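> Chains A and B, in that order, are what the protein sequence lines are. Each residue of the first sequence is one higher than the one before, starting from 187 at the first, in the numbering used here. Each residue of the second sequence is one higher than the one before, starting from 16 at the first, in the numbering used here.
Calculated directly from the structure, the hints in this document are not laboratory data. A quick note: this is a predicted structure, and the numbers were derived from the prediction, not measured. It is possible that part of the hints are untrue.
Short derived list, chain A residues pointing at chain B, Cβ under 8 Å [to be verified]:
1. N234
2. E236
3. V283
4. D294
Straight-line distance between alpha carbons at most 16 Å, and here's what the computed EDC-like set of lysine to aspartate or glutamate pairs gives [stated by the list, open to error]:
5. B:K159 / A:E240
6. B:K413 / B:E46
7. B:K159 / A:D241
8. B:K295 / B:E241
9. B:K277 / B:D248
10. B:K159 / A:E236
11. B:K275 / B:E263
12. B:K159 / B:E203
13. B:K194 / B:D163
Just so it is clear, CB atoms sit at the ideal spot from N, CA and C, and this is done for glycine as well.
Below, each chain spelled out in residue letters.
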Amino acid sequence: MTVGNSFRSDDGVGPFIADRLAAWEDAEGLRESEGSEISLDWINAGQNPENIIEDAIARNPDRLVVIDAADFGGKPGEARIIPSGLIPESTLSTHMVPLSVITQLIADATGSETVFLGIQAVSFALGEGLTIAVQETGEAIVKFLTQDKSNQE
Amino acid sequence: MGRNINVNVEYLTRVEGHGNIVVNVRESQLEECRLDIVEAPRFFEGMLRNRSIFEAQHITSRICGICSCGHTLASIQAAEDAIGFTPSPQTQKLRRLLMHLETLDSHLLHIYLLVAPDLLGVKSFVPLINTHNDVVRRALRMKKTCNDICEVLVGRHVHPISSIVGGFTKLPSEKELDKMLGMLRSLEVDMKPTIDLAATFVFPEFERDTEFVALVSDTDEYPFLEGDIGTTDGPPIPKDAYKSVTNEFIVSHSSAKHCKNKRGSYMVGALARFNLNYDKLVPNAKDIASAIGLHPVSKNPYLNTAAQLIECIHCIEDSIRIIEDCKEEGVDQSEAILVGLNETGCIPVQAGHGVGAVEVPRGILFHAYDVSEEGKIITANCVIPTGQNLANIELDMKKLVPEILDRTDEEITLSLEMLVRAYDPCISCSAHFLNVEFKNR
Numbered sequence: 187m188t189v190g191n192s193f194r195s196d197d198g199v200g201p202f203i204a205d206r207l208a209a210w211e212d213a214e215g216l217r218e219s220e221g222s223e224i225s226l227d228w229i230n231a232g233q234n235p236e237n238i239i240e241d242a243i244a245r246n247p248d249r250l251v252v253i254d255a256a257d258f259g260g261k262p263g264e265a266r267i268i269p270s271g272l273i274p275e276s277t278l279s280t281h282m283v284p285l286s287v288i289t290q291l292i293a294d295a296t297g298s299e300t301v302f303l304g305i306q307a308v309s310f311a312l313g314e315g316l317t318i319a320v321q322e323t324g325e326a327i328v329k330f331l332t333q334d335k336s337n338q339e
Numbered sequence: 016m017g018r019n020i021n022v023n024v025e026y027l028t029r030v031e032g033h034g035n036i037v038v039n040v041r042e043s044q045l046e047e048c049r050l051d052i053v054e055a056p057r058f059f060e061g062m063l064r065n066r067s068i069f070e071a072q073h074i075t076s077r078i079c080g081i082c083s084c085g086h087t088l089a090s091i092q093a094a095e096d097a098i099g100f101t102p103s104p105q106t107q108k109l110r111r112l113l114m115h116l117e118t119l120d121s122h123l124l125h126i127y128l129l130v131a132p133d134l135l136g137v138k139s140f141v142p143l144i145n146t147h148n149d150v151v152r153r154a155l156r157m158k159k160t161c162n163d164i165c166e167v168l169v170g171r172h173v174h175p176i177s178s179i180v181g182g183f184t185k186l187p188s189e190k191e192l193d194k195m196l197g198m199l200r201s202l203e204v205d206m207k208p209t210i211d212l213a214a215t216f217v218f219p220e221f222e223r224d225t226e227f228v229a230l231v232s233d234t235d236e237y238p239f240l241e242g243d244i245g246t247t248d249g250p251p252i253p254k255d256a257y258k259s260v261t262n263e264f265i266v267s268h269s270s271a272k273h274c275k276n277k278r279g280s281y282m283v284g285a286l287a288r289f290n291l292n293y294d295k296l297v298p299n300a301k302d303i304a305s306a307i308g309l310h311p312v313s314k315n316p317y318l319n320t321a322a323q324l325i326e327c328i329h330c331i332e333d334s335i336r337i338i339e340d341c342k343e344e345g346v347d348q349s350e351a352i353l354v355g356l357n358e359t360g361c362i363p364v365q366a367g368h369g370v371g372a373v374e375v376p377r378g379i380l381f382h383a384y385d386v387s388e389e390g391k392i393i394t395a396n397c398v399i400p401t402g403q404n405l406a407n408i409e410l411d412m413k414k415l416v417p418e419i420l421d422r423t424d425e426e427i428t429l430s431l432e433m434l435v436r437a438y439d440p441c442i443s444c445s446a447h448f449l450n451v452e453f454k455n456r
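Just chain B, with the same shape it has in the complex (with noise of 0.2 Å):
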C-alpha cells in the first residue's frame, strides 16, 4: 500500500511575508503541491501614477525595507532611460557601491539569520545566542557595517535619500570615503569567519533543471545594473523586452503574478547571476566557490545561499576597489546636483518609455514607467524577483517531494521550508509568504 502525505504549513517562518506550502500525496502518488501566497496586493504601480519621475524613486523604495536601494536605482534606471538622460561615470561608479552594499546586507542577514539555523540543527536563531553567540554577534556586527556605510553614502541606513535621477544630491569628501573604507576593511576581517562558518554547511542534495535568468553584459563587471537580460536558454534579450522574458500570469492560489520564460520556470537571484556571470568573480571569490564545491552551472537550489557567500565575497573586494579609485582620481564634487521636482529644469525632460533592470539581492528587478512631456508617470509596472520564483520554487517541490517520501512528516516539512528559504523570498515585495500544508499523507 502506498503511502498518503498531508503536509500543511500555514506559516512559514524566517522568508519575508506570508505564504503556505501545500503537499498532497496519495497512494505515493503527488496530487498536489503548490506554494500559497497570501498577502494582499500593494498597488505601488497605482500609487505611482502622475507622480513626477523625480520623486519615484522615494515612493518605489518603501516598496521593501531590505531592498530600498534596488528599487531606488530600478526606478531611476527606468526613469534615466525614459527621458534619455545617461549618468555619469562616476554617478554609475557610486550606485554600484550603492548596490554592493544592499547586497551584502541581505546576503548576509540571510546566510546568518534564516539559512544558518537550518544547516546548524536549531530551530531558529534564538537559540544560537547561548550556542553560537559570538556567530550572532558577528551577524548583526556585519549587517550594521553594511547600513553605517549606506548612510554615510546615501545619508540614511535605508531608503536612499541622496541618490536621485540624475546623480547624487551629496557626494562622499575624502574623509567620507575614507571612513567608508575603513568599514569596509572590518567588514573584510568579519568575513573570514563567515566562509569559515559556511564551509561547514551541508547543503540538501538535490537537483533540478532549470533556466537561470539574470543581466548578463559585455564590460568585465560582474553585472548588478547594466546590461541585457541573460538566460542559459538562448542568447540576451534587451532590457527592454523584459515582458517576453517574464510573461506573468496568475494562478488562482497566489495573490503575487508567476513568470516563465522558455519553460515551465525560471530561477533569478545570486544562483542565477553565478551561474551567468562566474568569470566575472574577483578572484578570491572563485578559489572560496571551489573550495566550498560551488561550480557553474549549478543546479542545485539549495546552493543559493552558497552564491550569495561568494557574491558577498565579490562585493566586498569590488567595494573597496570603488572607493580606492574615487581616492585615487578624486570625486568631482561639482556633479553634486540639487533637482527637487527639477522646477527648474536643469534636467531636460521628454515623454518615452523607459525601463530599469537592477540585480537586487534577490534577483532581477524591472521597473518600466511611460513618461510624459511633464515628466509624470502615466503607467508603472514593476515585476519582483520573488514573483519571477514562485513558478521555479513549485516546481522544485513538485520534484523534491517524490524523491523524499520515504523520510517523515517532519523531514519533508524541513526540506520543503529549508527549499523555499533557499530563494530568500520577500513575500511582501512579490505581493507578500510561508506555510507547509499536508494532505492525506
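The following block holds chain A by itself, in its conformation from the complex (with noise of 0.2 Å):
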C-alpha cells in the first residue's frame, strides 16, 4: 500500500512506486494471464487511504506493506522498517483518519502482519518531482519486489 503526495515533492515517492509496479505489471501482461498467482499485488492510497480500506481486505493479503515518505533523520533516500509503535496516531478529525487505524482494521479482517517501510525524504515541498536520491529507492524498491516475486516463480 503505498501513501502519499505527489504534489508535495518526495512525499508523492509511495505513488511513484505504484506507478512503476503498474508499468511493469503492464508490461508482463500479468493481470491478463490465466491461472497466474499474483504474490505481488499493491494499491496506491493516495492521500486517502481511508478510502481503500475495503480494497485491501478484498485482495486478503498475508503481508500488508505499507511503503511512505518518512522523516526519521536517516540519510536522504534511506529506507527504514518502522516499528508500528512509532507511527504516530494523528488526531482524528472529519478531515483526517489515522494510518494506524485504516491498517488495524484490514489486519483485523484479513490477519496479515503489517510492515511499515519508510523512505527518508529530502523535501515535502509543494512541487512535483522527486529528489535524486528518494527517487533512486523508489526505483531500487520497484526492483526488488519486482525480483523477488521472479525468484518465487
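Need the complex rebuilt from these two chains, each delivered in its own frame; the hints are there to steer you.
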C-alpha cells in the first residue's frame, strides 16, 4: 500500500513506486495471464488511505507493506522498517483518519502482518518530482519487489 | 462553602482545528466561561481580490477539505448573483445533488467518528476498532461511497472540478447516472444499521432557548441552496441583507469573529434547518425523527447530531429522486459548458454585487462579492457557519456549567467537550478550534 501526495515533492515516492509497479505489471501482462498467481499486489492509497480499506481487505494479503515517505533523521533516500509503535496516531477529525486505524482494520479482517517501510525524504515542499536520492530508492524498491516475485515463480 | 472549578482544556480533540475551553467557577459562582479560538486568520477574502469570478470557486473550495463543495457552490452563487446569471433547472438540480453528497459525507463522519465514541463510552474512535469493528468499517465505507459518487459527478472526491459559474463542464452520462444510483442504493442499505446504532444513543438532557437561523423557501424542497434567511425570531430576511443577520463582532479571545442577530447569539446547522424546515423533510426522515424523539423546535444543542442523522436520510432519498428524475427526463448534454476564465465571453458579465447563501453541513454559509465590469472580484466577504455558532456555544456553556456543578471535574469537562463537538465545529474554517481550562474550581 503506497501512501503519499505527488504534489508534495518526496511525499510522492509512494505513488511513484505504485506507478512503476503498474508499468511493470502491464509489461509483463500479469493481470491477463490466466491462472497466474500474483504473489505481489498493490494499491496506491495516495492521500486518502481510508478509501482503500475494503479493496485491500478483498485482496486478502498475507503481509501488508505500507510504503510512505518519512522523516526519521536518516540519510536522504534511506529506507527503513518503522516499528508500528512509532507510527504517529494523528488526531482524528472529519478531515483526517489516522493511518494506524486503517492498517488495523485491514489486519483485523485479514490476519495480515503489517510492515511500515519509511523512505527518508529530503523535501515535502509543494511541487512535483522526487529528489534524486529518494527516486533512486523508489526504483530500487520496485526492482527488489519485482525480482523477488520472479524468484518465487 | 461553595465550590471552585478551574477547567482548562488546551486541546479539544475530535473537532477540526484548535480551540480551548476555559471555565472558572469560584464559590459556586461562574466567573468565566469562554471558547478560545486560537488559530490564525487565513485571509481568503484577500486572496480573492482581483481574481476572476470564474476561478474564485477553485480558490474558495480550499477553505475547507470537508466543505469544499459548499464553498464552491456559495462562490458560484455569489458570482452568478453579481452578474445576473440564472442557472438552468438541470444545473440547479445537479448542484443540489452535489450538496447532498457533501452533507452526507460530513454528517456521517461526525456521527460515527466524533460523536459515537462519547455515546458509546470510549475515549476516541480508535478503541471502537476492537469493540465495534463493523461500525468502523461501515463508517469509512459510507464515507468512501459519498466521495466516489462525488468523483463521478464533479471529477474529484473533494474540490470539485466540473462545477463552475454557468453550470457544469461535464454532465453525467446514462452509465454514470446508473453508477451513482447503485452507490446511493448501497448507502441506503448501510443507513439502516446507522439508524439502529443512533437509536441507542442517549443524548445529554439540556435546553436553552435561542434563535435558530437557516435558509427557508417557498418551494417544497428542504432548502440547501435557495431561499431567504429564515429565523425562529421573525420574518425571513433576503440573503442580500445577510449582514443585518450576522452582525459580526470581535472578541478578544477568538481569532474568529462572533455573530448575533435578535439575541446575544444564534445557532446554525442541522438542528436549525430541522427546526425551520421540518415539514419539507421526506416522510421517512420525519418518521425516524419521531422514533428517536426529535421534534421541532428542539432547543437541545446536543441533538444537532440527531438532526444530522435525519438529514442523512433525507439527502439519500432526495439524491436517489434527483438521479431517477435525470434518468427519466434525460440529461441535456448540450448544457455542458467550457468557460475557462470566460476569455470568449460566452457568459455575459456585468459589474455588480452578489451574495451566495448555501446550507453547508455546519450551517448557513455566506459568500459576498463586489464584481467589476471585467468580472474581477473587487472585495469579498465569507461568513462561515462555525463562526456564527461560537457565541451560541459560549452562552450554552454558561447555562450548562451551573446546572452540572455537582459533577466531577472530569464529567464537567466531558459534558463541555461533547457540547462543543455537537456543533461539529470546523475551527480551521472559522479561523480555526478545542482545549477546556478549569480555573479555581
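> Give a verdict on every hint.
To see whether the hints hold, each was checked on the structure:
Taking 8 Å as the C-beta cut-off, the interface hint given for N234 (chain A) holds, the closest approach to chain B being about 7 Å. With its C-beta approaching chain B no nearer than about 5 Å, E236 (chain A) sits inside the 8 Å limit, and its interface hint holds. About 7 Å separates the beta-carbon of V283 (chain A) from the nearest beta-carbon of chain B, less than 8 Å, and the hint is met. Taken as an interface hint, D294 (chain A) checks out: its beta carbon lies about 6 Å from the nearest beta carbon of chain B, inside 8 Å.
Note on K159 (chain B) and E240 (chain A): the hinted pairing holds, with a Cα-Cα distance of about 10 Å set against a maximum of 16 Å. Between K413 (chain B) and E46 (chain B), the direct Cα distance comes to roughly 10 Å. Compliance with the 16 Å bound is thereby established for this hinted pair. A threshold of 16 Å between alpha carbons decides the hint, and for K159 (chain B) with D241 (chain A) the separation of about 11 Å falls inside it, so the pair holds. The suggested pairing of K295 (chain B) with E241 (chain B) holds, with an alpha-carbon distance near 14 Å, which does not exceed 16 Å.
Between K277 (chain B) and D248 (chain B) the CA atoms are separated by roughly 7 Å; this keeps the pair inside 16 Å, and the hint holds. For the hint linking K159 (chain B) to E236 (chain A), the alpha-carbon distance of about 8 Å falls within 16 Å, and the restraint holds. Of the supplied pair hints, the one linking K275 (chain B) and E263 (chain B) holds, its CA atoms being roughly 7 Å apart against a limit of 16 Å. At roughly 14 Å between alpha-carbon atoms, K159 (chain B) and E203 (chain B) fall within 16 Å of each other, so this suggested pair holds.
For the given pair, K194 (chain B) sits about 10 Å from D163 (chain B) by alpha-carbon distance, which is consistent with the 16 Å threshold.
Hint check: no violations occur; every hint is consistent with the structure.
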